[in-house]
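There are 2 protein chains.
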Amino acid sequence: MDHPLFLASRRDLLRAGALTALATTLKFPEGIVARAAERSDPFSGLKVGITSYTTRKLSLDDSIKAVKRVGLSYISLKDMHLPLKSTKEERQAAAQKVKDAGLNLVGCGVIDMKDEAGMRNAFEYARDAGIPTIVCTLDPSNVSALDKMVKDYQVRVAIHNHGPGDKRFPTPDSVADAIAKCDERIGLCIDIGHTIRVGVDPTQAIRKHAKRLYDLHLKDVTEAAPQGKNIECGRGVINLVSVLKTLRDIKYQYHVALEYEINIDDPLPGMAESIGYVKGVLATMSGL
Amino acid sequence: MDHPLFLASRRDLLRAGALTALATTLKFPEGIVARAAERSDPFSGLKVGITSYTTRKLSLDDSIKAVKRVGLSYISLKDMHLPLKSTKEERQAAAQKVKDAGLNLVGCGVIDMKDEAGMRNAFEYARDAGIPTIVCTLDPSNVSALDKMVKDYQVRVAIHNHGPGDKRFPTPDSVADAIAKCDERIGLCIDIGHTIRVGVDPTQAIRKHAKRLYDLHLKDVTEAAPQGKNIECGRGVINLVSVLKTLRDIKYQYHVALEYEINIDDPLPGMAESIGYVKGVLATMSGL
Chain H
1 MDHPLFLASR RDLLRAGALT ALATTLKFPE GIVARAAERS DPFSGLKVGI TSYTTRKLSL
61 DDSIKAVKRV GLSYISLKDM HLPLKSTKEE RQAAAQKVKD AGLNLVGCGV IDMKDEAGMR
121 NAFEYARDAG IPTIVCTLDP SNVSALDKMV KDYQVRVAIH NHGPGDKRFP TPDSVADAIA
181 KCDERIGLCI DIGHTIRVGV DPTQAIRKHA KRLYDLHLKD VTEAAPQGKN IECGRGVINL
241 VSVLKTLRDI KYQYHVALEY EINIDDPLPG MAESIGYVKG VLATMSGL
Chain U
1 MDHPLFLASR RDLLRAGALT ALATTLKFPE GIVARAAERS DPFSGLKVGI TSYTTRKLSL
61 DDSIKAVKRV GLSYISLKDM HLPLKSTKEE RQAAAQKVKD AGLNLVGCGV IDMKDEAGMR
121 NAFEYARDAG IPTIVCTLDP SNVSALDKMV KDYQVRVAIH NHGPGDKRFP TPDSVADAIA
181 KCDERIGLCI DIGHTIRVGV DPTQAIRKHA KRLYDLHLKD VTEAAPQGKN IECGRGVINL
241 VSVLKTLRDI KYQYHVALEY EINIDDPLPG MAESIGYVKG VLATMSGL
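Which chain is which? The protein sequence lines are H and U, in order.
Residue numbers for the first sequence, in our numbering: 1 to 288.
Residue numbers for the second sequence, in our numbering: 1 to 288.
If you are wondering where the hints come from, they were derived from the structure by calculation, not from laboratory data.
Misleading hints may appear alongside valid ones.
Because identical chains share one entry, a pair is satisfied inside a single copy or across any pair of copies.
[Stated by the list, open to error] The list that follows gives simulated cross-link-like pairs (lysine to aspartate or glutamate, DMTMM-like), each with its CA atoms no further than 20 Å apart: (1) Lys65 <-> Asp265; (2) Lys68 <-> Asp265; (3) Lys99 <-> Asp61; (4) Lys65 <-> Asp266; (5) Lys68 <-> Asp266; (6) Lys208 <-> Asp79; (7) Lys47 <-> Asp183; (8) Lys148 <-> Asp61; (9) Lys148 <-> Asp183; (10) Lys181 <-> Asp152; (11) Lys114 <-> Asp79; (12) Lys151 <-> Asp249; (13) Lys114 <-> Asp152; (14) Lys114 <-> Glu261; (15) Lys65 <-> Glu124; (16) Lys211 <-> Asp79; (17) Lys181 <-> Glu124; (18) Lys229 <-> Glu124.
One chain only, chain H, in its complex shape:
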């Protein structure tokens, strides 16, 4: 018999649609049937997807295929897959393509909002495509303009921290400080790679900024230092077990967007390994 830690509760089992098929086939111990619950949601309630920066050398069609190949159903589009200067019709067509493939278009960016015109264009871009959250960066002096504009659109904004070398928003704290008095639709996109590179523990940052965390860039890096490079999840220095546990603890409901930045000509194996790792972590934790 398996250790009770690794068994789902009976209620979990009843929730899982796959149970019936299993139960009719077999006279198996619970340890096996318990897997039915996990199969029904391998991400334990987290909305795991990718930023399409990951597949930036692939077309939108091929990016969608890659996302589906690794078993995900969420995507955030970067501008090479939906140009900022597109028409409303082009935005709607791209959104429809994503939807028709069975995926959820939950974000866009990172968009650099250079001025008020760029800011307004980004809001219209997101609204036209039905995108609920814009991941962006901007000059801190433009935050008050952003705060005024966000009231006109039914779109959230998540400001992205870019770590060492980013003079605007290196850390999650720097974002939180700048938006403290803003409309609550303005929040953070914590990039855990850039966060650890600047000397901040991603787990602590997620917990601290849980209330206004509207997007998250999931990745791993080779070193917890400015020179740290992107690498497959699980191969680097970020404690992803702790990060994922914390996202579950805070009942985080927005996009957990894998941003895999290397092997740009052939990102699929690294995406797959990273997503496999995330599923392995969540499967093991879900038994606790």
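Here the structure of chain H is known, so what remains is to put chain U in place on it, guided by the hints.
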């Protein structure tokens, strides 16, 4: 601060070579530095590799590249990568190629030992290539001949169970029963996919046959029933958390060989996802 469950012990940290680099860079909480221990051995002491049946449409060179791409260092060769009718020199050259790539050649097979001549050839094949374990199947009536022959060679034999439809060895128990009185160098290769398809819990089988378990085919399947098909680890019905926990509990020291059987023209993404999943499970468990 992270939950104490997810922190490695101080002793683990000191063992990890990567610690020094981290500690000099940062003034970080333990939750981050703990990852250094895991990075030094992402498989927690298990010898995870692949059966080259996984890459059966790739050359030996490309199979080696695929194994290295997903971060593994163990391989078991199937006959398309080292023909059974090869010369001693060809066997040594293949073994050298694997070694030169930094991989460990720890098995071969599955070899169907049709008669005593085939049996002797398999032993010579393994001995010539320096392979410590032959994974095989044979007619149960030939087990006594195998028992005599194994005494002449310094090679272990692991008899593979093939599930429903295998009239010779459908289950791990059927292998164990047949070899109960044999030389202890004859043992089992439990194929967890075929095992669950025949209605046996892989975890229970591993625990029961721990003493003579000399190889393991790691995989996942879509159904715990004869019609179950191979699928990426973590997507199917096998409780791999429990399987991996049990392999650690019994201090299993032989090959944990991923046998990913689908997408034969492009196996790398599925291999990568499967290995990522295994690493995620082990990383999470190693914090317990």
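Consistency of the hints with the structure:
With identical chains, the CA atoms of Lys65 and Asp265 are at most 20 Å apart both within one copy (15 Å) and between copies (17 Å). Taking CA atoms no more than 20 Å apart as the test, Lys68 paired with Asp265 passes in both settings, with 18 Å inside one copy and 18 Å between copies. Taking the closest pair of Cα atoms, Lys99 and Asp61 come within 20 Å of each other only inside a single copy of the chain (12 Å); across copies the shortest separation is 41 Å, beyond that limit. Proximity of Lys65 and Asp266 under a CA criterion of 20 Å is satisfied in both settings, with 13 Å inside one chain copy and 14 Å between copies.
In this homomeric assembly, Lys68 and Asp266 come within 20 Å of each other (Cα to Cα) both inside a single copy, at 16 Å, and across copies, at 15 Å. Within a single copy, Lys208 and Asp79 get their C-alpha atoms no closer than 30 Å, and across copies no closer than 56 Å, so neither meets the 20 Å cut-off. Taking identical chains as interchangeable, the C-alpha atoms of Lys47 and Asp183 are never at most 20 Å apart, the minima being 24 Å within one chain and 53 Å between chains. Taking the shortest Cα distances, Lys148 and Asp61 never come within 20 Å of each other, neither inside one copy (36 Å) nor across copies (60 Å).
For a Cα distance limit of 20 Å, the shortest separation of Lys148 from Asp183 inside one copy, 8 Å, qualifies, whereas the shortest one across copies, 81 Å, does not. For a Cα distance limit of 20 Å, the shortest separation of Lys181 from Asp152 inside one copy, 17 Å, qualifies, whereas the shortest one across copies, 81 Å, does not. In this assembly of identical chains, the alpha carbons of Lys114 and Asp79 lie at most 20 Å apart only when taken from the same copy (15 Å versus 60 Å across copies). When the C-alpha separation of Lys151 and Asp249 is checked against a cutoff of 20 Å, the pair qualifies neither within a copy, at 30 Å, nor between copies, at 57 Å.
Taking the shortest alpha-carbon separations for Lys114 and Asp152, only the intra-copy value of 19 Å comes in at or below 20 Å, while the best inter-copy value is 77 Å. In this assembly of identical chains, Lys114 and Glu261 lie within 20 Å of each other by CA distance neither inside one copy nor across copies; the values are 24 Å within and 50 Å between. For the identical chains of this complex, Lys65 and Glu124 are neighbours neither inside a copy (27 Å) nor across copies (46 Å), given an alpha-carbon limit of 20 Å. With identical chains, the CA atoms of Lys211 and Asp79 are never at most 20 Å apart, being 28 Å at best within one copy and 57 Å at best between copies.
For a Cα distance limit of 20 Å, the shortest separation of Lys181 from Glu124 qualifies neither inside one copy, at 24 Å, nor across copies, at 77 Å. Within a single copy, Lys229 and Glu124 get their C-alpha atoms no closer than 34 Å, and across copies no closer than 47 Å, so neither meets the 20 Å cut-off.
In summary, the numbered hints that this structure violates are 6, 7, 8, 12, 14, 15, 16, 17, 18.
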